[in-house]
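Enquirer: Spelled out from the first residue to the last, the chains are:
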Amino acid sequence: MLSVSAAKKQRRDLKQYSAEQRVKFKRSIPLLLMFLPAIVYFVVFKYVPMLGLQIAFRNYFLMDGIWKSPWVGLDNFRFLLSSGQTLNTIRNTFVLGILGVLVSFPIPILIALLFNEVRSRAYKNLVQSFYYLPHFLSWVVVGGIFTGIFALDSGIINHLTEKLFGFRYAYLYNEGSWIAVFLSARIWKEGGFSAIIYLAALTNVPPELYEAAAMDGAGKFKRIIHITLPSIIPTIITMLIINMGKVMEIGFDQVYTMQNDVVSNVSEVISTYVYKIGLGRGQFSLSTAMGLFESAVSLTLVLITNAIAKRFDKGLW
Amino acid sequence: MKTTKGERTFYAINYVILTLGALLCLLPFLHVASQSLSSYRANTSGLVGIWPVELNVDAYKQLFQGTRILPSLFNSVQITVIGTLLSMVFTVMAAYPLSRRHFWGRKFFMKAIVFTMLFNGGMIPTYLNMRSLGLVNTYGALWLLNLINPYNMIIMRSFFEEMPQEMIDATKIDGSTEMQTLWYIILPLSLPVMVTVGMFYLIWYWDLFQGVLIYITDTKKYNLVVLVNQLINQNDILDKLNRRSSSAMAVQISPDMIRAAGIMTMVIPIVSIYPFLQKYFVKGVMIGSVKG
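Protein sequences appear in the order of chains G and E. When you number the first sequence by the working numbering, it's gap-free, plus one each residue, and the end is 317. When you number the second sequence by the working numbering, it's gap-free, plus one each residue, and the end is 292.
Derived by calculation from the structure, the hints in this document are not laboratory data. Nothing here was measured: the structure is a model prediction, and the numbers come from that model. Any given hint could be a false lead.
[As the list claims (entries may be wrong)] Just the calculated beta-carbon pair ranges, DEER-fashion: (1) E:26 to G:168: 24 to 32 Å; (2) E:189 to G:9: 21 to 29 Å; (3) E:173 to G:9: 20 to 28 Å; (4) G:184 to E:165: 29 to 37 Å; (5) E:115 to G:280: 40 to 48 Å; (6) E:70 to G:25: 48 to 56 Å; (7) G:43 to E:169: 48 to 56 Å; (8) E:115 to G:208: 38 to 46 Å; (9) E:70 to G:299: 41 to 49 Å; (10) G:67 to E:269: 43 to 51 Å; (11) G:103 to E:19: 17 to 25 Å.
The beta carbon of each residue, even a glycine, is placed where N, CA and C say it ideally should be.
Build the full structure now, drawing on both the sequences and the hints.
Expert: Right, here's the structure in full:
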């Protein structure tokens with residue numbers, strides 16, 4: 001008896017629920033109409049291309065199109081993981097990506113901590129504007145500035161070292177120094193601007209904490225380490241998750257504008273390779289497989305980082 | 001609070017480090033600007049530091065008379081202005097419904113949009129899709145590449161959500177339609193977020209490089225970024241310029257000069273709206289970081 005009435009109640013709840021949903025839907029019709037372009041846009045330009053990913057498992061022919069080209073299973077991926085050139089490209093992507101995160105991640109935190117200790121508002125505003133400016137420039141500009149400064153025979157660095165110490169160095173044509181120039185360009189462009197997020201987080205630290213700590217005799221450094229840093233840990237973790245997702249997609253623009261043939265052994269990355277063999281040489285299936293590999297790895301990295309962060313109750317979702 | 005001796009040293013070191021950093025940000029600009037304004041002789045013998053030597057504007061003259069920089073500047077303006085307007089209209093129309101608490105399917109739509117931030121078809125499938133729609137070699141491809149940017153949309157939605165819902169409900173009782181509520185109530189109160197997101201789009205379109213390389217095949221349709229990249233990397237443009245000048249004006253320019261002048265043409269518009277940019281970008285990043 002009890003179970004029958006429970007089932008009845010459940011059915012009644014369900015009916016009520018679906019009725020509520022219908023009312024909600026009806027009331028939402030004007031909003032849905034307004035939202036319709038967004039639905040169309042995301043379906044046609046974001047989700048339909050995802051269907052196109054299937055050509056990674058086909059041998060794409062222009063005449064056959066995405067849906068009729070012959071299936072080849074994992075052949076494209078097998079090729080990617082067996083050819084020296086593609087393996088090298090994958091390795092470069094990881095190396096530049098991981099170095100990029102390792103080197104460029106702590107800098108904005110450091111800059112934010114330093115700015116947080118500045119007391120003159122006018123100085124802070126003026127100096128901050130210099131730090132933010134490079135962010136707004138295209139990589140073509142930043143890449144052009146850096147390759148110009150470090151150029152072998154016309155760069156200002158080599159002019160100076162020749163005058164002072166009598167030597168020139170081919171910064172852009174040695175693999176190690178090219179990577180160093182590459183990473184410094186990235187720090188120069190984004191280091192200052194990325195500090196904004198940490199500065200925003202720092203404004204929320206209650207000043208009483210500092211006063212209490214000072215009362216207890218904690219010095220400047222102790223206060224930074226025990227109060228300032230812990231209070232921005234959630235922001236640091238969020239930024240780390242976001243950055244992990246970007247390990248694989250070190251921007252096309254930066255690599256494309258800074259690379260040269262001499263160092264292509266370390267400078268060719270997945271996105272530039274996909275562009276060159278996909279659009280340049282029409283190898284659509286192979287380059288799509290490479291792109292899919294990249295997206296899959298970066299999605300996995302984001303999910304793993306988020307899962308780890310969740311363990312400490314700091315997950316993004 | 002009294003400052004101790006240790007604290008004073010700390011502040012001094014802090015100021016020194018931050019000032020050095022600011023110089024590091026600034027000096028490369030001064031150097032490039034000086035290169036573009038110095039003579040051929042000064043440039044090729046490495047005399048140019050952070051101040052123009054033998055001041056002249058030959059590089060700019062050559063750049064504007066001998067290359068396609070003016071048409072490409074016009075293309076950039078066209079791509080940027082139309083693109084920003086389109087993006088703003090469609091981003092508002094996506095953000096407003098998603099900000100309403102009782103919008104049917106709100107959670108699902110939100111998830112579907114956020115998913116595209118984590119995973120997408122990638123370069124080649126997106127290209128094939130654009131091609132099958134006949135958009136290759138049109139600016140339409142560039143405008144549709146990032147018409148509704150999920151990050152910008154979320155910033156806008158967060159701002160709309162902060163508005164008192166009772167106020168919006170009250171307009172409903174008065175019988176205004178959703179479109180009227182959006183137009184007369186929400187938008188006039190949303191100026192800060194509109195400017196912020198508008199700036200994000202503006203910079204995105206202005207700096208657009210990869211998209212143009214992929215989708216635009218007609219060199220006459222290139223934007224300023226792609227043209228400047230050609231100036232930096234292709235010496236034949238310079239050879240052509242020098243040949244032209246040796247016959248007509250007898251001014252010689254070095255690769256550094258034309259490169260520097262091209263870079264400055266990209267930089268100057270950004271620097272001239274920079275005070276405005278900085279104010280709103282900082283705000284936008286903060287809204288985004290709170291809600292992110």
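Enquirer: Looking at the structure, which of the earlier hints fail to hold?
Expert: Checked against the structure, the hints that fail are numbers 2, 3, 4, 5 and 7, while the rest are satisfied.
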